[in-house]
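Assemble the complex: chain A is given as a structure, and chain B with the ligands must be docked to it using the hints.
Each protein sequence line maps, in turn, to chains A and B. So the first sequence is numbered by numbering that gives the first Met the number 0: it starts at 0 and just counts up by one. So the second sequence is numbered by numbering that gives the first Met the number 0: it starts at 0 and just counts up by one.
None of these hints come from the bench; they were simulated from the model. Keep in mind that the hints are not guaranteed to be accurate.
Once the Cα atoms are required to be at most 25 Å apart in a straight line, the calculated DSS-like pairs of lysine-lysine come out as [said to hold, decoys possible]: (1) K19/A x K232/A; (2) K159/B x K210/B; (3) K159/B x K134/A; (4) K1/A x K184/A; (5) K114/A x K134/A; (6) K213/B x K134/A.
Pulled a few chain B residues facing chain A out of the computed Cβ check, cut under 8 Å [claimed, not checked]: (7) P87; (8) P88; (9) G118; (10) E121; (11) E124; (12) C125; (13) M128; (14) Q132; (15) R136; (16) I137; (17) P140; (18) Q141.
Glycine included, each C-beta is placed from N, C-alpha and C at the ideal position.
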Amino acid sequence: MKVLEVQHVKKHFDGPDILKDVSLSVDSGDVIAILGPSGSGKTTFLRCINFLERADAGTMWFDGRDYDLSHMNRRDIAAIRMRTGFVFQNYNLFRNKTALQNVTEGLVTARHMGKEQAEGIALEQLRRVDMLDRKDHFPSQLSGGQQQRVAIARAMATDPEIIYFDEPTSALDPELIGEVLGVMKDLASQGMTMVVVTHEMSFARNVSNRAILMEDGVIVEEAPTADFFNAPKMDRTKAFLSMLSSYAQ
Amino acid sequence: MSERLIGILIDSFPKILIPGLLYTIPLTAISFAIALVIAVLVALVQFMNIKGLRHLARFYIWVIRGTPLLVQLYVVFYGLGQLGLLLPPFLAGIIALSVNEGAYCAETVRAALESVPKGQLEAGECVGMSYLQTMRRIILPQAMRTAFPPLSNSLISMLKDTSLVANITVAEMFMAAQRIVARTYEPLAIYIEVGVIYLLFSTALTFLQRKGEKALSTYEFR
Ligand SMILES: Nc1ncnc2c1ncn2[C@@H]1O[C@H](COP(=O)(O)OP(=O)(O)OP(=O)(O)O)[C@@H](O)[C@H]1O
Ligand SMILES: [Mg+2]
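So that you can see chain B by itself, here it is in the shape it has in the complex:
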């Protein structure tokens, strides 16, 4: 490796890492938190079989899972912009990412809810608890425990998907890398470098996932 290339790599490292810390991480964290709320609500209305809402939930999942995230990003940013609703790119990114991720996570949470033995709902009712109390205190916590590993997977894949928001002018890591490439003509080295930084981030998430699973394993399922 030439000295020039090493210099470029060292020089560009903070220029990629800082947008990562400023945009990629917050985008991931905020969008995923919103996605989780959407997922739990959408999973619950299906699980509880709430008439009109259940169909709405299926429709939402059908549309979102059937269209590319990139298209969704363009619709939210450029599409709504055309209607005069010009959202800041970062906000548009959060909306598209969380709505997209919410649909996938909803299916995860719904499957997890269905895996919880139903007798506990009846047991809750028989000691005087309401359906909602039993859902909240008994069924949902167990479902979230079951859903934790697949949700962690979703989080990690979402971290990588945030690179798509470069397309709607958010200056996150990938866009920073693109700019450096345009300046240095070193696509191989720079794109590998940004890949390594994504890898660092996802490794950190994997580590957190392990910790979380351990903390949650106070009770085991049989």
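Next up, chain A with everything else stripped away, as it sits in the complex:
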């Protein structure tokens, strides 16, 4: 069942187009890995489809409705965001709130949920990311990996149809990457729909069901994960994968 479809997304800042006609269709339960070299437009793409940037052109189908990405009104943006989650590279936890409050904030403030109900949900999500024992810690008292797990719980608590991850482990020390990827893997196995920009090839290979290579603002190749890694069609995909494997050695 289709959850989201975006088509022909274009975006430029000051100079040339950063996104040149990018399209993506996401089914329920999909875990889509977006790979690509630095500067290829991956972050910009995620930001455009969650309206942190305004796209120059493009359409979106979500929740039974069509939207024009270049002319979104505030109410539609708010309504869509109520049903999507976003996990940032640098966590962006609310620094004046505890782990628990970080998770309840969106429920209480934006969804007018009662405090008790919100805390019930938040505790459940913190348990899922194994952060219950640190629920009263402030972000400054948590490691990067712990902060990112709280950020994932915060995104999950709003019961989103889809979660976007923008390089969720790139800011982490190597020994902390595993715990965050572990949490994401659990979410995937529980059927969460996820679009993940990542440089973690093992995660892409083992957890995603579809992989995308993005370069210079276009999608070079999109394929089921096994095909993408074992039998890539495009020369640029082969070059990208061989560059990564030589880098890994």
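Structure of chain B with the ligands alone, referenced to chain A:
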């Protein structure tokens, strides 16, 4: 020290302290509270880049910071008086002090707002909160925490600036001291005495500042 001088000092102590409690402290407290409201609003319209208001805010800060408080006091009290708007001196003092202090504090608050990592605004939006909700519940509290020490400094310096309102006939501490000097011809002792009382007041404020900082340090920035 002669017995006469000691007698004068003891005698004048309550005569200075009481106007301090009746005028200096309320002037400081009320004006600073109003200044804070002005400061937050003026800082916010700049931070949020609200078109017309932003320019108005810059203009306000430019004028107030570029002119002496004493001149501002005279304009509000004597100047407006000439136009028929004769304000009670205490009220004129509060207006001038809060408008003056608001401009300085606005810059403090604006800098503090800008020091809060911006990603949190986007994170707020991504969990469905509006821009204003995120400002009010996430960004502003952190900015005020950052601004607390410099704002406390402003408060202490404002306490001392209230001595200027003696010039518009408010019978606060400094004017009380001037009157005693006129009567006793002991400027050195009396002006040192009033200085000591200002010092007592500002020491109390410094103490409160420490307490406040401790209370606010539940979360630390990294
Ligand atoms: N706000 C902005 N203003 C101007 N240029 C921008 C802005 N955001 C991104 N860009 C430019 O757009 C291009 C794509 O950036 P983007 O962050 O989307 O790449 P990316 O694929 O996420 O890279 P990385 O793997 O390094 O995160 C870059 O050249 C970047 O400089
Ligand atoms: Mg990026």
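Compare the structure with the hints numbered earlier in the document and write down the numbers of the violated ones, lowest to highest.
3, 7, 8
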